[in-house]
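Knowing the structure of chain A, use the given hints to seat chain B on it.
Chains as they are written, first to last, in our numbering: chain A, 1 to 308; chain B, 1 to 361.
No lab work stands behind these hints, which were simulated from the structure alone.
No false leads were slipped in.
Okay, derived cross-link-like pairs now, SDA-like style, lysine to any residue, Cα gap no bigger than 20 Å in a straight line:
| no. | chain 1 | residue 1 | chain 2 | residue 2 |
| --- | --- | --- | --- | --- |
| 1 | A | K302 | B | R345 |
| 2 | A | K122 | A | F139 |
| 3 | A | K302 | B | N145 |
| 4 | A | K302 | B | L343 |
| 5 | B | K170 | A | Q268 |
Partial list, derived from the structure: chain B residues whose beta carbon lies under 8 Å from chain A:
| no. | residue |
| --- | --- |
| 6 | P322 |
| 7 | A324 |
| 8 | G327 |
Think of the CB as a built atom: it goes at the ideal place given N, C-alpha and C, for glycine as much as any other residue.
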Amino acid sequence: MSIDWLVPAILTIVTAATPLVFAAVGETVVEKAGVLNLGVEGMMIMGAIAAFATAVSTGSEVLAILAGAAAGLLLSLIFGVLCVYLQSNQVATGLALTIFGLGLSALIGHSYVGATFDGLAKLDIPGVSDIPTIGPLIFGHDVLVYLSVISVALVAWFLNSTRAGLLVRAVGENHDAAHSIGYSVMLVRMGAILFGGAMAGIGGAYLSVAYTPLWVENMTAGRGWIALALVVFASWKPWRAFFGAYLFGGITIIQLYAQGMGVEVSAQFLSMLPYLATILVLVVISRDSAKARLNAPACLGKNFHVSG
Amino acid sequence: MLIRLEQRPEASNIMVYVSPLIAVVLTILTAMIMFGALGVDPAKAIETFFIEPVSTLDGVAELLVKATPLVLIGVGLSLGFQANVWNIGAEGQLVIGALAGGGLALAFYGQSSTLLVPAMLVCGVIGGMAWAAIPAWMKTRFNTNEILTSLMLTYVGLLVLSYLVHGPWKDPEGQNFPESRLFHDSALLPILIDETRLNVGWLLALFVVVLGWILMSRHIIGFQIKVIGMAPMAGAFAGFKENRLIWITLLISGGCAGLAGVIELSGAIGQIVPSISPGYGFTAIIVAFLGRLHPVGVLFAGLLMALTYLGGDSAQITMNLPNAVTGVFQGMLLFFLLASDVLIRYRVRFGPPRVKAEAAE
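If we strip away everything but chain A, and leave its shape as in the complex, we get (with noise of 0.2 Å):
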């Protein structure tokens, strides 16, 4: 196998696994906190939408990741609001943002289909860059790559090994014993919900402004659900969330691939493949259900109130 086909081989899985990389570490977040928000498909394609408009209209590609952070976390707000202060039903709540995030960015993309921009810039460093193989393999990607790869090292130092991190797991694990010792369960839960808002928000702008720099309706493709089996995947671990963004990017290239080599095979049935492993993998990790209980926060899913 000639090295010159493996290069952009995997320079392709960092790009398609890098917007589960930000949905699935900013969910983890959220979970470790307690709240299964399953609006990560809406928040994604409105942080898509809001990214790829500001990109065409500013030609500012800073602004226009902090356009798909700000509108990630704007609809997680009204999700946090809702299931943390509202005592709502998280499932339905999450459905909701995914149903409502679908049909606001179609809305708010009309204008903007067949709209086009450069593309988020790949990193070139006179000379290094240059190397063969190691060149663009280590120093020849997007700004938000690397941005990904440090924000898992940051959420799994966060999580393990500071105060606040501690506290999270606390909210998570137990909210009565962390609001009984004096923290505030809801304000926790509400950063968290923010926090993986605007992660879940940059990973669609990745789709948008770095991916395939153009607007399509629904272009997230079920990628914010796959994010979600990421997390139950990871067992709530940051770097196995990682790990498994960049096992899914593979799977999504082999499509891309099998087709480019001849095999005969229907483009339909190659597309179901990131949808036949992220069921696949599901089914393997929660076999085992004493184990599945004992990595999943203990409160997921539940709401708290302090007369409850």
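Just chain B, lined up with the frame of chain A:
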């Protein structure tokens, strides 16, 4: 805090019914503000959205055509939701049901048997059930989250549809459009009102509403669903088998979705096209909640949501607004509903909390 929520001693029965009305009013008010922001006269927009589409007989017929799949799927989903079984993949079950029924229509193309339509309906139900059986089996056998599996299967189902209309089932005389051939007359559901698309499917939907109502209020299964949903431990002590209820609720909701799919195909569309449903399977989730997970409530909620589809089309035609407005409307409605549902179990109090009597003892 000056405004706070205080838990009611008992859930309010009145609020269960008032809450959807509050949500509808708030949605319409917000929509008017939104239309104003888009530079459209709000009063005119509301008229175009909610009144114009149903001002003709044809419009009313079209409303019922669109309400048919929503009511059918909504009734099925509401059973599962009451038992805390979250079937989110009704859209996929709808597609597979439609393909099972539609495939039969293509296989017996040109044969004028009166049994073809009933056989298609049965195939549709079986197709939807089969697709819902996969998450049911995984949930009961491997403890896999049914939300994620049923949703992933929706994407797979849509790709199966895409494969079939682009490949084996494409109309041989169709100038390469990704569509099947038009169904033969004997594969079409009888029309109820001439010159409209209103078909027997609507009567089937009403029939399913009645069946759902009987199941939930008169049958032991309905009782078990409610108990398992509200108090799983109590259900387990009473000897109710949770796995059995997971199977039952998923099969019923999948069957309803499959039936909706085949009705849509043989009643409203008349051939297999790449996009069979504009997201009925997802909208039906809102219908189920708005209808208070009660079959009769689902009927009314289904009609209202069908109106938002018509309104979106009408706003697109007369006011040049993108019909994605429909999705925004639907999402907003569910948000407001979930928010006002807080009033069922809590009441809003102003002023600082009073010291509870038992705390003083």
